Amino acid sequence: MNQQALLDGVLAGVALWAAWGPGRALPALRLGAALLAAAAVLGTLKFSGLLPLPELHQSMSMFAAGVGLPLLGVAMVWPDGVVARERRYAWIFGVAAAVMCVLVAVVGGIKLWPSVCALLAVVAMGLASSLRRQWWGAAAAACMLLALVGFAAKRNLGPLAPGDVLHVGLALGLWLYAGWVRQTVGTGALGSQGAPGATAASVADRS
Amino acid sequence: MNLLFYVVPIFVALILLEVLAAKLMRRDVYRIHDAVTSMNVGIMSEVVRSTVKLLTVVIYAIVASKLGAFTWDVKNPWVWILAFFMYDFGYYWAHRAGHEVSLLWGAHVVHHNSEEFNLSTALRQSSTNTIFYWVFYAPMALVGIPVQVFVITAFASAVYQFWVHTQLIDRMGWMEKIFTTPSNHRVHHGKNEYCLDHNYGGTLIIWDRMFGTYAREREDEPVIYGTITPVNSWNPVWTNFVHYVSIVRNAFHFGGWKNKLQSVFAPPGWTPQGMLPHPAVDLRKFQTTCGPWQRAYCVLGCGVVYVLAMHWLAVANTLSVPERVTYGLVNVLATLGLSGLMSHQRLGVPLELARVVVVFGALAANFWFAPIAPAFQALAVLCLAVSAFLLYKVHVEQRQGSQSAGGDGGEVTGVPA
Chain A
1 MNQQALLDGV
11 LAGVALWAAW
21 GPGRALPALR
31 LGAALLAAAA
41 VLGTLKFSGL
51 LPLPELHQSM
61 SMFAAGVGLP
71 LLGVAMVWPD
81 GVVARERRYA
91 WIFGVAAAVM
101 CVLVAVVGGI
111 KLWPSVCALL
121 AVVAMGLASS
131 LRRQWWGAAA
141 AACMLLALVG
151 FAAKRNLGPL
161 APGDVLHVGL
171 ALGLWLYAGW
181 VRQTVGTGAL
191 GSQGAPGATA
201 ASVADRS
Chain B
1 MNLLFYVVPI
11 FVALILLEVL
21 AAKLMRRDVY
31 RIHDAVTSMN
41 VGIMSEVVRS
51 TVKLLTVVIY
61 AIVASKLGAF
71 TWDVKNPWVW
81 ILAFFMYDFG
91 YYWAHRAGHE
101 VSLLWGAHVV
111 HHNSEEFNLS
121 TALRQSSTNT
131 IFYWVFYAPM
141 ALVGIPVQVF
151 VITAFASAVY
161 QFWVHTQLID
171 RMGWMEKIFT
181 TPSNHRVHHG
191 KNEYCLDHNY
201 GGTLIIWDRM
211 FGTYARERED
221 EPVIYGTITP
231 VNSWNPVWTN
241 FVHYVSIVRN
251 AFHFGGWKNK
261 LQSVFAPPGW
271 TPQGMLPHPA
281 VDLRKFQTTC
291 GPWQRAYCVL
301 GCGVVYVLAM
311 HWLAVANTLS
321 VPERVTYGLV
331 NVLATLGLSG
341 LMSHQRLGVP
351 LELARVVVVF
361 GALAANFWFA
371 PIAPAFQALA
381 VLCLAVSAFL
391 LYKVHVEQRQ
401 GSQSAGGDGG
411 EVTGVPA
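Protein chains in written order, with the numbering used here: chain A, 1 to 207; chain B, 1 to 417.
Pulled out of the complex, with its shape left as it was, chain B reads as follows (with noise of 0.2 angstroms):
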């Protein structure tokens, strides 16, 4: 089973305590729409990448049999440590380049377009970056670390990384010195000019400060988080291609093939004449008018495509190929229709009814992809009714606000950060 189902409970968990701890403390580190998104996102990428990932880990065993120049007993503490610190070593480059190289950004921008920074945001991970990232791994495998203690260590630094997304927690002392800590993470996420391009560290620091990438937090300057070039949308499928379609574009529009091979290879911001400026810092964020139906809608809509996506993961290795993929894109559509409703798309609200009548019909005639439950099977009617009661009062929402402003009620305003 993916150890992910088992994690990703606590995380949520955490997530509602961070909510939590906001409020108490008065802090407004969240906002519902871009929140949903990085789940949305999350949940996204686990569908693609359960089964990508599988394909690396094959890879990776291959070679390890293959290549492997050492055999290491699992048992040997050693090494676990050599595995932690090659792992991370691997990552830092894994991670730099993912920064630094175009084709490696449009598979990495997606965790770096929320304008906010929580434990959500850790949530948000691309559904591509795990076909590039194996490679910066393989050293691992040459030198014979066993697949199990790659899996684990992979892993182990993943759930590491989910804490350090969070701007609750302040700078932490002699650790910073040498862990990832939220501190010097915010940094990462931020794009201030002095952020830009810094603390690319896993779970160690260290290998920034050694190969000067590290930047500390500024007290003076505010990080502002986000990317240059914001996304300006709720869609995950969209977010996760962006960087993608901007890379063809500039390969259409360059001329030469030196030049179109250049910029998918290049940095981000690259043109034959040269790096692009780094503009004025843009202090407004994305955001989409949400009344209190519509958040209610989203709460309950974001919770049941979780509920749907850990079902999926607790059962995905029961279910034939074909069953298993169209098991994870019914859960995409669900995200699509979240975003949908969130961007005051036309067809948003009557396309996210038939979906969900068409789900919650399914689930409660027991008509699904694996056996459901009697008392899920209630649940799911009372869903049904529930969402359809909500998504009425959103329609009647959007309405009266589309007609106060004169407009569709799909405006866009940026508002400051």
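Okay, chain A solo, but in the shape it has when bound (with noise of 0.2 angstroms):
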């Protein structure tokens, strides 16, 4: 197996992980990381050889970048708003995020569009954290802007190509935003009510 595929395949394993551990909590960030999986793992069948579906790897990588990264994003910026705690709006979000990806990048080829969406959630998240001074949800958010830019600029760091970089990255962020939520779910800090499965009716009586 080589790197890229042995690194699309660590990152594909961190980020099923955070979907179904730490996803636990946060639906937004259940069905974010299980979009960046999906990806990782056609990536990991891609560059391995054994099932290279190029085009779904494609189609994917954009879903993983203008959805699932912005779902990431949400679940940060309002970790007790109904989009982070409740699946079905999660769902609705991920499905009106995938919609404008279609419309903007492959009907109106726009190309630009998921990575302006991916660049904006991370920098989104990374700035609520801070402000919070939620150590651990900036650092995620600081290795994914990394990862981002490092992937953009098309620039090799040291053995790691591109796209390592990029797979790297998102992985080593994905990790870091599990120990955000495990630390703001244990110190009740997401908010005084924001326990997991809060419903529409409570969260919004909050507003």
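These aren't lab readings, by the way, just hints derived from the structure by calculation. No experiment lies behind these values; they were computed from the predicted model shown. Backbone N, C-alpha and C define an ideal beta-carbon position, used for all residues, glycine too. Please note that a few of the clues may not be correct.
Stated by the list, open to error - Below 30 angstroms or equal to it, Euclidean Cα-Cα: the simulated DSS-like pairs (lysine-lysine) are:
(1) B/K285 to B/K191
(2) B/K75 to A/K46
(3) A/K111 to B/K66
(4) A/K111 to B/K53
Claimed, not checked - If you anchor each label on the Cβ, the simulated ranges turn out as follows:
(5) B/S320 to A/R132: 53 to 63 angstroms
(6) A/W17 to B/P139: 24 to 34 angstroms
(7) B/S402 to A/R87: 53 to 63 angstroms
(8) B/K75 to A/V99: 29 to 39 angstroms
(9) B/T271 to A/L127: 26 to 36 angstroms
(10) A/G108 to B/F241: 27 to 37 angstroms
Both chains are given apart, each in its own frame, so use the hints to dock them into the complex.
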């Protein structure tokens, strides 16, 4: 197995772990991480030559950037909001973001759209967590930002190709993101009433 | 040419057959105003959807060509089998979202507004749901299902769903476990508490069984059809937009932008204080008085609108976009004329008379969107004469009705179900 496949496999493993473990507390994290995992699994299959499906990897990567990362962003910026906390709203947000990706990037031909969404999401995560002094979140955002910038700059980082930088940065970012979830949920820092399973009505009552 | 051009005549024939069968079986499943409204809503939806649907098919084709993971041979039977299951699965979720997300309920409620359940209800389709529903079929494009396979699968699913809108067919044994049948679709259209948000399946009911939304029809509790908040109108335009208006009202009414946003995406009946409780089922049906002359005019008017809609479908591809839209609007105006008459609007009869004079006059003079055969020109003159006579009779009938009732003849009565 080559390095690209291996590092995409690492990202797939971390994303699956984030979706099934820490993602239990935040459905938006679960859905976002699952999208990243799907893209990474397809990448592993593609780069290892086991089952090369380049178009599927390309489209899943688009959704991972244009839907997955914004979901992670929303969950960190508004951790007690309904999108972060309730599966139905996480799905609605995901579907709406996917529609925008299809209409703007695929039909409209503005291919930068998913990258812009991903970048905005990561910057928002960084700002929100820094302002709240949640350093796990800030570190996660910083890792993801470096990964995105490194990939966009198409520069090698030592032995790592740009794609590898993206995969390693996102994997590390997701691991730190999971640390942020553990820390904030564990300490109740998500908000006084932000316990997992809060209903739409109870969330709405607070606003 | 639109595939509907070929099946709609069969649908109409089956509706007439159901009317006849219901009479023979002494079952009261049709009300003229309700059936005419269903047909009117169907015609309006086809006018709108024929354009919007084209856009969604174009989007599908672009996505399939740019992102499609595989290239499929349309002669391969497996692609059809895969397409059938993927479409039906997508339909289940589209339909479920149509009931459980307020914005999408706005695009589906019109299909449920009928307080009757018969084959005409199947034609009562929303004008706006194609704007949203294509999203749920996008995964088919991602795996590269060819656009022609998608279109034919979607069409076959729509045709299948027609026959399940009937009360004349009882439970169907083993089929109830696998397929959507009249029995489990009756449950879907019910407003009894056990019926709400159940049986979303299009062709297969297995999705409901898998995702916990299946409910069996109960012998001890007859299904009451319609929606919890009745629309109480025969107007095909209003029935299409009534829920959107209520969403906007709620968004203005609820404080805080989070609540405003949530009122769009929460389930229907959501308020910041929680879900509204399910009210006791109202057994009354919306009804306006209907004398024999109005009934006769409704049948004639509905028939004419249907023929014009079929003509529109037949010639639509030969028309320029402005001509196509104008012809479509002429048909929508005809449905509004009928609804105004059925609702006893004060100017209903004179406006309808003006409309038929213009329409039949233009047809008779061969001043239409496409050439009219001489036989149809003669028929238009005959229709004009009969319509004018019937409208005069309707006017007299309504005046007598209002004098005897002491009102303006436009009263709305609730009749027991």
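Verification of the supplied hints:
no., hint, verdict
1, B/K285 to B/K191, "holds, 12 angstroms"
2, B/K75 to A/K46, "holds, 28 angstroms"
3, A/K111 to B/K66, "holds, 12 angstroms"
4, A/K111 to B/K53, "holds, 25 angstroms"
5, B/S320 to A/R132: 53 to 63 angstroms, "holds, 59 angstroms"
6, A/W17 to B/P139: 24 to 34 angstroms, "holds, 25 angstroms"
7, B/S402 to A/R87: 53 to 63 angstroms, "holds, 55 angstroms"
8, B/K75 to A/V99: 29 to 39 angstroms, "holds, 32 angstroms"
9, B/T271 to A/L127: 26 to 36 angstroms, "holds, 33 angstroms"
10, A/G108 to B/F241: 27 to 37 angstroms, "holds, 28 angstroms"
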